[in-house]
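Enquirer: One-letter residues, chain by chain:
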Amino acid sequence: MNSLPIPFIVILAILSLAGVGIYCLLATRNMIRVIIGLQLIVKGVAMAFILGGNMTSNISLGQTMALTVIVADTIVAVIGLAFAVQVRHRMGTLDIKELSTLKR
Amino acid sequence: MVYVLVAVSILVFAILAITSKRLLVSAIWLAVTSALSALMFYMLGAVQVAVIELSVGAGLVTVLFVFAINISGEEALNLKPIMPKPLAWGLVAIAAALAIYLIISGGGLSFALGNTTEEAPSILWGGRYMDIILQIALIFSGVLGVLGLLSEGKPEVQKEDEE
Chain L
1 MNSLPIPFIV ILAILSLAGV GIYCLLATRN MIRVIIGLQL IVKGVAMAFI
51 LGGNMTSNIS LGQTMALTVI VADTIVAVIG LAFAVQVRHR MGTLDIKELS
101 TLKR
Chain V
1 MVYVLVAVSI LVFAILAITS KRLLVSAIWL AVTSALSALM FYMLGAVQVA
51 VIELSVGAGL VTVLFVFAIN ISGEEALNLK PIMPKPLAWG LVAIAAALAI
101 YLIISGGGLS FALGNTTEEA PSILWGGRYM DIILQIALIF SGVLGVLGLL
151 SEGKPEVQKE DEE
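Chains L and V are the protein sequences, given in the same order. Numbered according to the working numbering, the first sequence spans residues 1 to 104. Numbered according to the working numbering, the second sequence spans residues 1 to 163.
Source of the hints: derived by calculation from the structure; they are not laboratory data. Just so it is clear, the structure is predicted and the values come from calculations on it, not from any experiment. No incorrect hints appear here.
With a cut-off of at most 25 Å between alpha-carbon atoms, the simulated DMTMM-like pairs for lysine to aspartate or glutamate come out as follows:
1) Lys80/V x Asp95/L
2) Lys21/V x Glu74/V
3) Lys85/V x Asp95/L
4) Lys85/V x Glu74/V
5) Lys85/V x Glu98/L
6) Lys80/V x Glu98/L
7) Lys21/V x Glu98/L
8) Lys21/V x Asp95/L
9) Lys97/L x Glu74/V
Isolated chain L, as found in the complex:
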């Protein structure tokens, strides 16, 4: 177990986060769960930026990239949750298939 190089372990963590998030986006119909899937994907992406910065001996650049991604992801979560709350108020459901008709 000790012989596993650290980048491979981190890459596995990145792929698992992104994979679980993509599966959530593909399979779920609940709007709030879709946002949870997006959050998981973006956590993996931020980790990939930091690993890339570390492997190119420029962790500061990776940190600034990850910071930008985290800020953008938080705003996406806020707007997505606001959208979900408003949809729930107006249409009475969080099922994204119900939204595909674009009528009440």
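Use these hints to put chain V onto chain L, whose structure you have.
Expert: The following block gives chain V in isolation, referenced to the frame of chain L:
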């Protein structure tokens, strides 16, 4: 060994976050995944991002999730998924295999922990000034999003007015 433990914990809690029946429990597992990601960032040498991830990802976003779930209510959706689950897992496996192939064919992996040539704040404020302006614009749109989260629409009254 610690890296393996943290990576496996991230995977387990991420799966728990998407498979929990209750949305509130999912939000809590997402917060735990965020905290473990922050620990991984710290171990990789990204101290500032680790602190921000811990405070924003595990703190602020979780509070927003709990708030939104409380407003919109726990809606149990035991409906058929959009895509059959085996097909979704298959697509994820294909994407992961492609990513691993690209990583392996791209050359070897070298790891240089702590070799920093420039400080993060100087890169952020000097080299990436445009990103800062864009982030400020994003934060303003986030404020508008919070207003949307807090405002309560009155669809029934509007409907009566139209009639």
